[in-house]
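Each protein sequence line maps, in turn, to chains X and D. Okay, so the first sequence: first residue is 2 according to our numbering, each after it adds one. Okay, so the second sequence: first residue is 2 according to our numbering, each after it adds one.
Don't take every hint at face value.
[Unchecked claim] With a cut-off of at most 25 Å between alpha-carbon atoms, the simulated DSS-like pairs for lysine-lysine come out as follows:
(1) X:Lys246 to X:Lys132
(2) D:Lys388 to D:Lys418
(3) X:Lys418 to D:Lys132
(4) X:Lys186 to D:Lys169
(5) X:Lys192 to D:Lys418
(6) X:Lys359 to D:Lys169
[Claimed, not checked] Derived list of chain X stretches under chain D, where covered just means 3 residues or more per stretch with a C-beta under 8 Å from a C-beta of chain D:
(7) 183-189
(8) 219-227
(9) 382-388
[What the hints assert, rightly or not] From the derived model, a few chain D residues whose C-beta atoms are all more than 10 Å from chain X:
(10) Ala21
(11) Arg247
(12) Pro296
(13) Ala381
If you're looking for bench data, these hints aren't it; they were derived computationally from the structure. Each residue gets a CB set at the ideal place from its N, CA and C atoms; glycine is no exception.
There are 2 protein chains.
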Amino acid sequence: MTQREAALKGNITEAMARVARDEGRSAEEIRVGLAQGTIAIPLNPLHKNCRPVGIGQELRTKVNANIGTSVDFPHVADELIKLKAALDARTDAVMDLSTGGDIMAIRRRIIAECPVTLGTVPIYQAVAEKKMTADGMFSVVEEQAKDGVDFMTIHCGVTFETIGRLKKQPRLMEVVSRGGALLMKWILDNKEENPFYAQFDRLLEIAGKYDITLSLGDGMRPGSIVDAGDQAQIQELVVLGDLTKRAWEAGVQVIIEGPGHVPYDQIESQIKMQKEVCKGAPFYVLGPLPTDVAPGYDHITSAIGGTLAASAGADFLCYVTPTEHLGLPEAEDVKAGVIASRIAAHCADIVKKVPGAKNWDIEMSKARKELNWGKQIALAIDPVRAKEIHQRRIGTRDDGRGTVDVCSMCGEFCAMKVSTEALGRRS
Amino acid sequence: MTQREAALKGNITEAMARVARDEGRSAEEIRVGLAQGTIAIPLNPLHKNCRPVGIGQELRTKVNANIGTSVDFPHVADELIKLKAALDARTDAVMDLSTGGDIMAIRRRIIAECPVTLGTVPIYQAVAEKKMTADGMFSVVEEQAKDGVDFMTIHCGVTFETIGRLKKQPRLMEVVSRGGALLMKWILDNKEENPFYAQFDRLLEIAGKYDITLSLGDGMRPGSIVDAGDQAQIQELVVLGDLTKRAWEAGVQVIIEGPGHVPYDQIESQIKMQKEVCKGAPFYVLGPLPTDVAPGYDHITSAIGGTLAASAGADFLCYVTPTEHLGLPEAEDVKAGVIASRIAAHCADIVKKVPGAKNWDIEMSKARKELNWGKQIALAIDPVRAKEIHQRRIGTRDDGRGTVDVCSMCGEFCAMKVSTEALGRRS
């Protein structure tokens, strides 16, 4: 029985109870969310030792880190280092997007060492292993399900209809989703409908059997801010809305993937439109990036767009690293990406009134007021970096004494110290 | 004659003409903005070789970088390196916030090497040099004006009345503005009104004489998200609204400073309220930071808040560096701060429909579609970093060949390449 089927029957599973505890909600609230489809718990029973995580409405905004080999960098050892970096930075989910080397072996190693929910994009393996027939694609999906993959991105909405919209209203950037581009090419080359759309029931059967959460991919996501919200993108979303309903009816959990490159003033409306069209299914956004001009800093651009998206209702932020648009990330980039997305998620969680979110800020502010450096560092989103910077810039006066209670920016000009003294309310 | 007086008389100055050219506006539009007070050109004629910059409504969002010594790091050489880092990263303005060493000598060195508009906070020097009498404070303001300072942060709104509000509705973080805290302490210690408020006309006289733009400081800005929008903050803003009108009547240009730590969903309304209360005066925000928990990454937190603030109408973003709340920044931190703020400013400029803003994104997207790496790097907000990442991750295959046209993330899975081929529209 899938988590969704259990929820529909009124059963509270161990995973639901665990998510409820982590979120400060009741188990019944989580069950209702699963039954309504507004919450997903991507959890393949074959992924042993996976800590269940809830993604969706009224829950803490979650963060995903993409890792995986490429043809140029095919070594699993590098990816295990990146997995550790992502986990150390406290990512909520990991996707293995390997496209180089022995993809199956790499995936198995990663899953074995991954205690958080894990996703894949099966089409990458199908292409790499030249299994680009309908049967080949479904065989890869089932193979990955058997390995314990918890959620899979499947670009079911890339169809003759959406491609037709793309041709009718050409874009600056065409298709920037890898999976979307590969499936579009297959459809056009073979003059045959997308098997994941044409045989969607076959996909649902595998997903139901292994309790795979379907992450319905946005193959038509805009790759330039000027392409955002065009016919192809919206057409695909409409298709995904239909498929969401069919998946739910089959007892399969669904997440919807979203843009992409989107101007800042279109982000809120895009999120609200998705929530409407897909009946409140959890929304998983890549960025969004409100500008195209900052390669090298797209973790920041993504945090800017991600905060607005999550504040408007997005539930799951796929990180973007500083190497996006330039090359495959390394471990330090993975860390930077996770932290930037966690900042975005937390800023939004304060807006969403997620239980406990604001309390973290209150504790930090108290530690600042008390000039309690140990507590400030312990509470920091990245204590290692906070400590490193603070230590590096502890000043040494001409008399050899460093500042003690204050920091090297203000020294005795410390506003906290001056104002607390002035108001005579020393804490 | 000040820039404002010239504008009111219908004269177009050389500075207005230069700003108009830089902004793609007519000189008359700039003149009208100055006359209405919605645009400021902070430009002290004694700051030789300063390139005039316009700050305000319908103009490109500008970025300021704070540099300056502290008691712990009092050396001018370090600050000149930071000045260069800020200029290389293309900051629009610099503030010298020195509080350590020979403040006057340091300021003169910085002004001599600074081709962009330069601001200070005179109260820091007054405190450091023990000139904390009304006459002492004004003498420092005039000394700095004679040195060529273009704009000065003066915390005129820290008064008995605002301090009364602070006492009536206590905060978690009291006063986190250094200037605000120092003036509050002085007012309470001396039982005397803030000279910059009580003798505001005296301040206007100096400002008018040297054409100093007054940046009316927000001494009561919130230092924790839970303190945002309280009585003290709003009371101060009301006072600043009054003083704005008086300054304009005296021919003096005004900028209003704003928060600070503000929850994401309060930022837009705070900006709109300021614009209303201060009759459209240019708004200069520090951050805002929508969370308190990310020391070490507050350049990112600031970019998140700054994008929303600027999209809602803020005109001038004061950068925040990764070392904020931890210590004095170094050159690399200055660069990180300027770039993060420039990303925020640009994302907002797309929303504001600033002439030419979106075109930058279009050019970048075209370069991406063409897989033209040289052009992508040249167009990047930081070409040095973009190139470094791209080069670092150029892959080497087993056959020793690196990827050529595609990058190491996707290799032959490159969506651009696949979709362009599929659609048969190779550019």
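> Are the Cα atoms of Lys388 of chain D and Lys418 of chain D separated by 25 Å or less?
Replying inline: holds (21 Å)
> Would you say Pro296 of chain D is clear of chain X, with no C-beta pair closer than or equal to 10 Å?
Replying inline: Non-interface label fails for Pro296 of chain D: nearest chain X Cβ at 5 Å, not farther than 10 Å.
> When you check the alpha-carbon spacing of Lys246 of chain X and Lys132 of chain X, does it fall within 25 Å?
Replying inline: violated (29 Å)
>> The output says Ala21 of chain D does not contact chain X. Does that hold with a beta carbon cutoff of 10 Å?
In response: Non-interface label on Ala21 of chain D holds, nearest chain X Cβ at 24 Å vs cutoff 10 Å.
> Are the Cα atoms of Lys359 of chain X and Lys169 of chain D separated by 25 Å or less?
Replying inline: holds (24 Å)
> Do the alpha carbons of Lys418 of chain X and Lys132 of chain D lie within 25 Å of each other, as the hint requires?
Replying inline: holds (20 Å)
> Hey, does Ala381 of chain D actually stay past 10 Å from chain X on C-beta?
Replying inline: violated (5 Å)
> Are there three or more residues in the stretch 382-388 of chain X whose C-beta lies within less than 8 Å of some C-beta in chain D?
Replying inline: holds (count 4)
> CA of Lys192 of chain X to CA of Lys418 of chain D, is that 25 Å or under?
Replying inline: holds (20 Å)
> When you look at the beta carbon of Arg247 of chain D, is every beta carbon of chain X farther off than 10 Å?
Replying inline: holds (27 Å)
> Per the coverage rule (Cβ-Cβ under 8 Å, at least three residues), is the stretch 219-227 of chain X covered by chain D?
Replying inline: holds (count 4)
>> What's the verdict on Lys186 of chain X and Lys169 of chain D, does the C-alpha distance respect the 25 Å limit or exceed it?
In response: Outside the cut-off at roughly 68 Å; violated.
Hint compliance for this structure: hints 1, 4, 12 and 13 are broken, all remaining hints hold.
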